[in-house]
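Listed here are the chains, written in short residue letters.
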Amino acid sequence: MVRGALGKIYKDGEEIIHEGKSGDSMYVVQGGRVEVLQNSKKGGEQHLAYLEAGDFFGEMAVFEKEVRSATVRAAGEARVLKVDKKALLTRIREDPLLAVNLLKTMSHRIRDLNHEIARHKKTHL
Amino acid sequence: MGLSGQQSVADSFSHLVEDEEKEFTLRDGSRIAVVGGGPAGSFFSYFLLKMAETIDLDLTVDIFEPRAFKYCGPAGCNHCGGIVSESLVQILAAEGIVLPRSVVQRGVESYVVHMDVGDVSIESPVHEQRIAALYRGNGPREGCKTDLVSFDDFLQGMVKEKGVNIVRKLITGVEFRDGLPFLDFADGVGETYDLVTVAAGVNSNFIRLLDDLPGDYEPPKTTRGYICEFHSSKEEILRILGRSVHVFLLSIPRFEFAAIIPKGEFATVVMVGEDLDQELVHAFLNDPVVRRTFPTDKIPCVCSCSPLINLGARKRPYGDRIVMVGDSGITRLYKDGIGAAFRTGKAAATAALFHGVSGKDFEKHYWPTCKRIVNDNRVGKVMFATNTIMKNSRLTRNAMLRMTRKEQDTAGAKPHMSSLLWNMFTGSAPYVEMFRGTMHPGFIYNLLKSVASSFFPESRNTPIKKKVA
Chain A
0 MVRGALGKIY KDGEEIIHEG KSGDSMYVVQ GGRVEVLQNS KKGGEQHLAY
50 LEAGDFFGEM AVFEKEVRSA TVRAAGEARV LKVDKKALLT RIREDPLLAV
100 NLLKTMSHRI RDLNHEIARH KKTHL
Chain B
0 MGLSGQQSVA DSFSHLVEDE EKEFTLRDGS RIAVVGGGPA GSFFSYFLLK
50 MAETIDLDLT VDIFEPRAFK YCGPAGCNHC GGIVSESLVQ ILAAEGIVLP
100 RSVVQRGVES YVVHMDVGDV SIESPVHEQR IAALYRGNGP REGCKTDLVS
150 FDDFLQGMVK EKGVNIVRKL ITGVEFRDGL PFLDFADGVG ETYDLVTVAA
200 GVNSNFIRLL DDLPGDYEPP KTTRGYICEF HSSKEEILRI LGRSVHVFLL
250 SIPRFEFAAI IPKGEFATVV MVGEDLDQEL VHAFLNDPVV RRTFPTDKIP
300 CVCSCSPLIN LGARKRPYGD RIVMVGDSGI TRLYKDGIGA AFRTGKAAAT
350 AALFHGVSGK DFEKHYWPTC KRIVNDNRVG KVMFATNTIM KNSRLTRNAM
400 LRMTRKEQDT AGAKPHMSSL LWNMFTGSAP YVEMFRGTMH PGFIYNLLKS
450 VASSFFPESR NTPIKKKVA
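Quick note, the sequences are listed as chains A and B, same order. With numbering that gives the first Met the number 0 applied, the first sequence has no gaps in its numbers, which climb one by one up to 124 at the end. With numbering that gives the first Met the number 0 applied, the second sequence has no gaps in its numbers, which climb one by one up to 468 at the end.
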């Protein structure tokens, strides 16, 4: 795994973004691992995914004004780079193809979500 | 002429246009030569092949680069200060490109501005390391013992993974044969390509070969910069400079801009300006403000050069089947050359792949990106001229220092001057954006207030705390 040298170091368990809070940046993991969690209806937190170097999160805040949909914490020491909404959208205006990389990942996530829904339906039928 | 006659003329005309469009379109098996394997050439190749992959187009890309960026010293050197700006670091991250630890010599979190009237540290607005200090080649000869990986070598590794061939041949001539560019090599063999991308910079002999080609490939205006590598231990460089880039606003005649950048066991001194010569370099290195920041008389300079720097744009950085990217064509004034290489490289690749490789295609789809940089540089010239006027007066130097200090010391204060200096030095924002910032009523009011207060002595003069963690 490539370990990046830029961004900010987060200690194990340190919160990077919090579910329900507003935000105007997305984040790219440069090194280490982060955990994506969501509040469960039954109480507590539900693990959604681990993200590693090159993966990004918080991108929804760049495209819509909704609050964060999940909490992300460092799983072990992690290095994460913040990408400003303004800087990103300005560049996307000049170079729309920059959005393709983000769309690809978002498309993968929708595909995974569809699989998850299908699996969930099967087990409850 | 009847209606059918008019129809057939219209059909023939549209066929002619279609044929011409087809002739200048990259197809399966098209061959592209990229002259120069620095960032501009690598970014162009990377995005060309990445985008070709998404539309199932099979292209061959040969990068001609006689130097190997694995070597230390002049053999692998690319004559550059080696700063990747905050904006480019973020864009690379969004593109999925992670700069590894072995490439980044130092993550920069703050800039320290030095003047005869005092020093002030400007922190990154987000308090994280979003600027990378690195080597374009594998560093000075003395650095060979370290595990240094150059930025250019890292990018070449990335394009090799995409299928690019790195060709270590010297090009001795370029001409057109049957409408296609033909490259002559030093070994007497030559090859034809569908597109030649010139990414050789302004220090290469190749750009002189373009003079013989039809078309107006007038070279860009250049000046000399100065780069010097000072060598000591990693700990000593960190103790002296911390994690900050040090910039100087000095009233030395003809002096425009200089910075000292910490890079592991080296410190890179970079000077740029339109009228740079040995005398000015000497005056800078021996200036008391520079000496108190970095002991240039005690730490040895192990490698230095005076590379050419692009100061203006080519009038026409393209033609039929030829396009110039990075320094060979257009770059940002004094700053963010790697960022300009990225922008022009990707824009040229997009134009060539999705629109075609004729001069008209590049004019319509590549030139707008270049023009944005050209127009921004015009504003940049005004900004640098204003900066020269301000730094030449003790009163305005004092005002700049006080205004920046106040902003940095007051939590929640609007960082008018800090943002301006941060963006001027880091190259993170377009010059137009910086200019707009100076027109803000808050900026003007606070500057005038600082000028007025500069008539009185300042109560505080605390030393800068160095970040070494």
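By construction, these hints were calculated from the structure, which means they are not laboratory data. Here the structure is a predicted model, which is why all the values come from computation and not from measurement. Be a bit skeptical, because a hint or two may be false.
Unchecked claim - Covered stretches of chain A, as calculated for chain B (at least 3 residues, CB under 8 Å): (1) 78-87; (2) 92-98.
Stated by the list, open to error - In silico DSBU-like links for lysine-lysine, alpha-carbon gap of 30 Å or less: (3) K405/B with K85/A; (4) K49/B with K81/A; (5) K168/B with K49/B; (6) K314/B with K297/B; (7) K49/B with K84/A.
Unchecked claim - If the Cβ cut is set under 10 Å, some of the chain B residues that face chain A in the computed set are: (8) F46; (9) I90; (10) E94; (11) L98; (12) P99; (13) R100; (14) R105; (15) D274; (16) P429.
Idealized CB from N, CA, C, for every residue including glycine.
Checked hints:
1. Three residues within the 8 Å Cβ limit are the bar, and the region 78-87 of chain A against chain B gives 6, so the coverage statement holds.
2. Only when three residues or more bring their CB closer than 8 Å to a CB of chain B does the claim for the region 92-98 of chain A stand; here the count is 4, and the claim holds.
3. At most 30 Å may separate the alpha-carbon atoms for a hinted pair to count; K405/B and K85/A meet this at roughly 26 Å.
4. Between the alpha carbons of K49/B and K81/A the distance comes to roughly 25 Å, so the proposed pair stays at or under 30 Å and holds.
5. Distance restraint check for K168/B and K49/B: the Cα-Cα separation of roughly 25 Å lies within the 30 Å cut-off, and the hinted pair is therefore satisfied.
6. With a C-alpha separation of about 46 Å, the suggested pairing of K314/B with K297/B is violated against the 30 Å cut-off.
7. About 25 Å separates the Cα atoms of K49/B and K84/A, which keeps this hinted pair within 30 Å; it holds.
8. With 10 Å as the threshold, the beta carbon of F46/B comes within range of chain A, its nearest partner Cβ sitting at about 8 Å, so the hint holds.
9. Taken as an interface hint, I90/B checks out: its beta carbon lies about 6 Å from the nearest beta carbon of chain A, inside 10 Å.
10. A cut of 10 Å between beta carbons decides the hint on E94/B: the least distance to chain A is about 6 Å, and the hint holds.
11. Interface restraint check for L98/B: the shortest CB-CB distance to chain A comes to about 6 Å, inside 10 Å, so the restraint holds.
12. Taken as an interface hint, P99/B checks out: its beta carbon lies about 5 Å from the nearest beta carbon of chain A, inside 10 Å.
13. The interface hint given for R100/B is met, as the beta carbon of that residue sits about 4 Å from the closest beta carbon of chain A, less than 10 Å.
14. Because the closest C-beta pair between R105/B and chain A is about 8 Å apart, less than 10 Å, the hint holds.
15. Taking 10 Å as the C-beta contact cut-off toward chain A, the hint placing D274/B at the interface is violated, the least distance being around 33 Å.
16. Checking P429/B against chain A by beta carbon gives a least distance of about 9 Å; that is within 10 Å, so the hint holds.
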